[in-house]
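Number of protein chains: 2
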Amino acid sequence: MAADFYPVILAGGRGTRFWPLSRRKRAKQLLALDGKQTMIQQTVARLLPLAPSGRFWVVTNADLRPEVLRQLPRLRAEQVIAEPLGRNTAPAIGLAAFILKARDPNAVLGLFPSDHVIGDRERFLAVLREGIEIAAAGENIVVLGIQPSRAETGYGYIEVGARSPANAWRVRRFTEKPNLEQAAEFLRRGNFFWNSGMFLWSARTLASALTEHLPKTASLLAQIAADFGTKHFAATLRRLYGKCENISVDYGLIEPRSAKGEQAANIFCLRGDFGWNDLGSWTSLHEHRTAKSTPPDGNLISGRGIFSLNASRNYVHAPEKFVAVVGVSDVVVVETDDALLVTSRENAQDVGKIVKYLDEKNLTKLV
Amino acid sequence: MAADFYPVILAGGRGTRFWPLSRRKRAKQLLALDGKQTMIQQTVARLLPLAPSGRFWVVTNADLRPEVLRQLPRLRAEQVIAEPLGRNTAPAIGLAAFILKARDPNAVLGLFPSDHVIGDRERFLAVLREGIEIAAAGENIVVLGIQPSRAETGYGYIEVGARSPANAWRVRRFTEKPNLEQAAEFLRRGNFFWNSGMFLWSARTLASALTEHLPKTASLLAQIAADFGTKHFAATLRRLYGKCENISVDYGLIEPRSAKGEQAANIFCLRGDFGWNDLGSWTSLHEHRTAKSTPPDGNLISGRGIFSLNASRNYVHAPEKFVAVVGVSDVVVVETDDALLVTSRENAQDVGKIVKYLDEKNLTKLV
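Heads up: the protein sequence lines correspond to chains A and B, in order.
For the first sequence, this note's numbering gives the first residue as 167, with consecutive numbering after it.
For the second sequence, this note's numbering gives the first residue as 167, with consecutive numbering after it.
Keep in mind that a hint or two might mislead.
As the list makes no split between identical chains, a pair holds if one copy fits it or if it spans any two.
[What the hints assert, rightly or not] Below, computed lysine to aspartate or glutamate pairings styled on EDC-like, alpha-carbon distance capped at 20 Å:
#	residue 1	residue 2
1	K531	D504
2	K426	E305
3	K519	D463
4	K527	E486
Quick caveat, the hints were computed from the structure, so don't treat them as lab data.
As the structure is a prediction and not an experimental result, all values here were calculated from the model.
Excised from the complex, chain A in its bound form (with noise of 0.2 Å):
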């Protein structure tokens, strides 16, 4: 099948575990977390090779679309889409469903956080290959699995059927965050994976699913499409997006779905066993460091300059000063201009909650 391939970049989210690095105008996507490049930067040049630029659609707010075009240059001001209000990746993805569908007859769209890491970038691109190729040729969804290498319960999971293709398997359901026991359960019998929110459908399999189980929703994307390219579209968009249901693609979209059963379903789960990490708090991006660059330590530490003594898996970001770590262990500690964050590995997930405080007493400066 002909598939003309454009990927769907969601960069509307704050990141707010990566505080005090990042914040408001200057979300976890926009940071250069691992490397020169920033998380979104990365998230483009890997998919290059499968789409030229002007097929790339970045969809973000108000608030980061500034930088998002400045940190993405060969991208034109109307392929960053600012969402006047955040609603979610149903509304995010079938927007541009709408728009391509009556454009191009072949466009197969790709849904892709902005803000994870790869680490096999050839097979991550031989993996989508395939998922295009099964999108192309029909009306299925693929979603992109991860196997699961612990009883993780901050994820989604994927349950998957019979195998199909090559790399693929028949999707049975999707399951929402689990509990302790049910994560061990799923890592124990081996049918599940973990929902990496990447997922390849056609233009028109996508908007005839929205058009099937979220129809009011789909109704305002198409009138806002219809406005595309022309002088109306801003205003449009700005008067009719809020409207839309504030639902994900999980549960908007891919839940009645599976509900038709895992053949009727047409959803395949490719594995995507190329390195991902969706580096979700300073210690999964710890640990995703340490793991390629392997220090003796384990200590992971910028600054001018650096002293370490009977230290190991500490995380220091200091980069402008000299950095002493002595007698301390898995310790995070992380400053910038008008900020400093003291945590360690195990709680850093908890980091968030400083910016829900923030956010709360107003400290806008801070967030």
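Put chain B on the given structure of chain A with help from the hints.
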């Protein structure tokens, strides 16, 4: 006995264990670690009821002298002596003894570190008044001992014999820093005090002890003292002081004197039960300050704003920043313009090793 009391304050140390706050030109005694006044300002203030400001001597070095004078505006320039080269405590107080011996036959000198805290100032003054009386009464040396509260291996110990007047004991001998087993034994036996480094004696007694036990140094100090108040003083000091023996009062004067036997030596130990703390590290500062203010979680955080969650017994100093401490305990983090220290309460005594490293690497801006 008539006694004119002259406090001699030793302010030549670096206090490297308070890096990165303490620096070559801003040593520990010049920092406001506990309250608004700096350590040396507190040292002077608490002694003022016993001596007018004109009777104070401060012995420091050329790096620190300008800041000492700035912090102690009531002292005349000649009262603040810069050692051309650090020669430990015996020459430092010995010089004052030789200068005063000729000028005031009633002079009693007290030797005081400039970087300790005293919790109970009234009790401190009462103990000193008693000590000054003993020192003025004859060829006596008075040392202030601290009742040990733990088997500390970081201090020298004073072994005492017979109880002499009310609050005093005759000293048997001084003991160097013990190992843990010895320290536990000292604690058990009960007739051991910690050496606080505070001594009292008449100028006459001290000068004759120097002449007896350190004759070469005594002769050099006498020559320097002869030029005090003349335009030659600075040059003579520079020329001769470095030739003095590099030796402490304890080793150079007390140890040989105590060899005469408990009765003949006339060394007396007064119990310094006035809430003494030498603030040997960030950890002891933390302990001292939380003992006073008893915050419920034991955190001591200075920041422009503070958020803490599931965090206890941490010391964080970043007064210009919003500080967030999440899910971490017993950590010490200190930030300055150019440096960031991350250590633990348990290992903060190793902070001095950072300064040693910086010295070796000639990273002079950081020390």
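A quick look at each hint next to the structure:
Taking CA atoms no more than 20 Å apart as the test, K531 paired with D504 passes inside one copy only; the shortest distance there is 9 Å, against 23 Å between copies. In the homo-oligomer, the alpha carbons of K426 and E305 lie at most 20 Å apart inside one protomer (13 Å), although the nearest pairing across protomers, at 103 Å, exceeds that limit. In this assembly of identical chains, the alpha carbons of K519 and D463 lie at most 20 Å apart only when taken from different copies (19 Å versus 30 Å within one copy). Taking identical chains as interchangeable, the C-alpha atoms of K527 and E486 lie at most 20 Å apart only when they sit on different chains, with a minimum of 19 Å there against 29 Å within one chain.
The structure meets every hint from the earlier list without exception.
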